[in-house]
Amino acid sequence: MREIQLPPAVDWVAERLADGSFALFTETPDIETKARELMALSRSRPLKAIDYPEAVCLAAGLRYGYTVLSENGGAFFAPHVLNIGVAVWRAFEVLVEAWRRGFVQDIVEELRRYEQEALHLFRRRDWEYIWSLVGRR
Amino acid sequence: MRRRHADWEFIERLPPKLKAALLYYIETGDIYVSSRIAGMSVAEFNELRIKARVPSVT
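Note that the protein sequences, when read in sequence, are chains A and B. Just so you know, we're using my numbering here: the first sequence kicks off at 1 and counts up by one. Just so you know, we're using my numbering here: the second sequence kicks off at 1001 and counts up by one.
By construction, these hints were calculated from the structure, which means they are not laboratory data. Hints are not guaranteed to be accurate.
[As the list claims (entries may be wrong)] Straight-line alpha carbon distances no greater than 25 angstroms define the calculated PhoX-like cross-link-like pairs of lysine-lysine that follow: (1) B:K1051 to B:K1019; (2) A:K48 to A:K34; (3) B:K1017 to A:K34; (4) A:K34 to B:K1019; (5) B:K1051 to B:K1017.
[Stated by the list, open to error] Take a look, some chain A residues computed to stay more than 10 angstroms from chain B by CB distance: (6) R2; (7) E3; (8) L95.
[Claimed, not checked] Covered stretches of chain A, as calculated for chain B (at least 3 residues, CB under 8 angstroms): (9) 4-14; (10) 114-124.
Here a beta-carbon is modelled for each residue, glycine too, at the ideal position from N, C-alpha and C.
Could you put the whole structure together from the sequences, leaning on the hints where they help?
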């Protein structure tokens, strides 16, 4: 919550908390222990180091079966490199899923808009995946 | 890629702490540690990153 400061995001989160669709999560000792294990493990493998906030999310995802949302490269590749059973989605996976469910009409346009607004560049491999889905260049 | 796209004139004009944080981000891509160097939240640092035209890639 400390990271969310701009009014649209604050309003959105406050409304979701009020209607019960969001809940505040406080890490428990077992989650904290697992998070520190994952941080240590990430430093012993060819993986970008995982910081504590991402490690807590990964530990909670593992414990409760949640999908973790993160743009952190260490967190994203952790399931593969550390062989842990947790799903990690970046904005890319979120937007593709939104398109699959019909919330986004033109996935190429949406991804390009996201790149411009967030100044976040999707990898060539991600774009190739999209081209394979929509079948156009 | 981050180094190539960055607005270096903007970065050079920043106070030392913010400049150091952006240089760290350009080198590592680690927004969490960069925001701590800058003394900002991750969201605030992300706004600074966009102003400095430094792209993120995951």
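Okay, the hints, checked on the actual structure:
no. : hint               : result
1   : B:K1051 to B:K1019 : holds (12 angstroms)
2   : A:K48 to A:K34     : holds (18 angstroms)
3   : B:K1017 to A:K34   : violated (33 angstroms)
4   : A:K34 to B:K1019   : violated (35 angstroms)
5   : B:K1051 to B:K1017 : holds (16 angstroms)
6   : R2                 : violated (6 angstroms)
7   : E3                 : violated (5 angstroms)
8   : L95                : holds (13 angstroms)
9   : 4-14               : holds (count 4)
10  : 114-124            : holds (count 6)
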